[in-house]
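Letter by letter, the chains look like this.
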Amino acid sequence: MGRRAITDWRKKLAVGAPKAFLDKFLKDRAREAKWSYPVIDGLHGEKYRGLSELRWRCGRPHRIIGYSVSIPKTDGPKEEQHVGVFVMLIGCTHDGKKYYPTECLDSAVERKKEIEQGKATTIEYILPIDR
Amino acid sequence: MKEKGYRDGYVAAQISLGLPTKIRALRMERQWTQGELARRAKMAQPRISEIETPGERKLNLDTLQRIASAFDIGLDVDFVPFGELIHRSEGFDPDSFSVQSFEPELAAATTRQLVPSPEKTALQDAFVESGKQSPTGFLLGDSSDLDHIRRIHNEVMTRVVEEIAKARPSTGLTSMEPTGVIDAHQFGTLTSDRRLPEPAIAQREQRSCNKETTARKKRGLHHRSGVRNPITKKRRTLWTKKATR
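Sequence order for the protein chains is A and B. Numbering follows our numbering, with no gaps: position 116 of the first sequence is 116. Numbering follows our numbering, with no gaps: position 232 of the second sequence is 1232.
Honestly, the hints are just simulated from the structure, not real lab data. Don't be surprised by glycine CBs; every beta carbon is placed ideally from N, CA and C. Hints are supplied without guarantee of correctness; some may be wrong.
[Said to hold, decoys possible] Using 30 Å as the maximum straight-line C-alpha spacing, the simulated DSBU-like pairs for lysine-lysine come out as follows:
#1 B:Lys1022 with A:Lys34
#2 A:Lys119 with A:Lys73
#3 A:Lys34 with B:Lys1058
#4 B:Lys1002 with A:Lys97
#5 B:Lys1218 with A:Lys27
#6 B:Lys1042 with A:Lys12
#7 B:Lys1004 with A:Lys27
#8 A:Lys11 with B:Lys1058
#9 A:Lys12 with B:Lys1058
#10 B:Lys1218 with A:Lys11
#11 A:Lys27 with A:Lys119
#12 A:Lys98 with A:Lys73
#13 A:Lys27 with B:Lys1211
#14 B:Lys1058 with B:Lys1042
#15 A:Lys12 with B:Lys1002
#16 A:Lys12 with A:Lys113
#17 A:Lys11 with B:Lys1004
#18 A:Lys11 with A:Lys34
#19 A:Lys113 with A:Lys73
#20 A:Lys97 with A:Lys73
#21 A:Lys73 with A:Lys12
#22 B:Lys1002 with A:Lys11
#23 A:Lys27 with B:Lys1022
#24 B:Lys1042 with A:Lys34
#25 B:Lys1058 with A:Lys98
[Stated by the list, open to error] Now the stretches of chain A that chain B is said to cover, found in silico as 3 or more residues with beta-carbon under 8 Å:
#26 18 to 28
#27 93 to 105
[Said to hold, decoys possible] Label-pair ranges, simulated between beta-carbon atoms:
#28 B:Glu1050 with A:Arg49: 37 to 43 Å
#29 A:Arg3 with B:Pro1104: 48 to 54 Å
#30 B:Thr1158 with A:Lys34: 44 to 50 Å
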């Protein structure tokens, strides 16, 4: 049984607003074809090249670090043979210049490398049911 | 959803995350910059940027009213059961979210009011007369049918334009304006014999009644019965006694 980065992070969040905000934010993004600033922003620095963060605030700023990939689609019209996917690597909070957990950016880099090398796999994130 | 805390958070999320997404979608639909929206809402551009960032700023009713006014659309703040809230949230699609401004809405409503019925009726009549309509409503036949359809369409459109031109002077829209005889807030229609509608008559009677009441009060009489007000009389007596002492 492998770990599920975002599902596990969600479990750790407080039951009230933080969890509901995460669900609502991801639900809206799942329906949106194109994401742009301020909901997504690229990370700065050579070390974090290719990584982006999903951004929302619930009391303090919340972030999901990940990266976008284009994967081939098996069905649908020919002009839509590829579909954009955002791989969510880690969830964290952000305050000023500090991220919590503090090593989250390094973890994200490490996880991305593991996926690219085939040492780790990805799984579709299932949005929690509202009812 | 079973937990109270989550439900409260869900409501907060609809406001704090849902509204910024909607505001941004409305702005993008109109192809406005943040600066343009800021100018129309009489706000600073950085404030719009904050408003559009999910959860960044607590939106109060005044701010929402100003934004609704800038887009020239309505604002609905309502209490609803959770089922309805979930239903609305599920139906929300940021990419297709659109709210028409007042002017285009009015234009569309007027067009709907003027055009469809004669056009629809005339088209239906024409197709029934031609006998070219299939039971499913699709037209069947070869290329000669297409010419026939085009001819019918042209005839119908000419008839529609004529009917609209005839109908225009008496569309009834002008009668919806305030008449000036009755109070401005009353959008009642005034009939040709200049008879006032019932509420206006009642108001006029009320006004004349108020005049009489004021006159009675001035004379020191009871405002309704018209007899000398006993309380006033008693007070006056007491006051006179005090003054004498």
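Fill in: Index of numbered hints that the structure contradicts, given in increasing order
4, 5, 6, 10, 12, 13, 20, 21, 27 and 28
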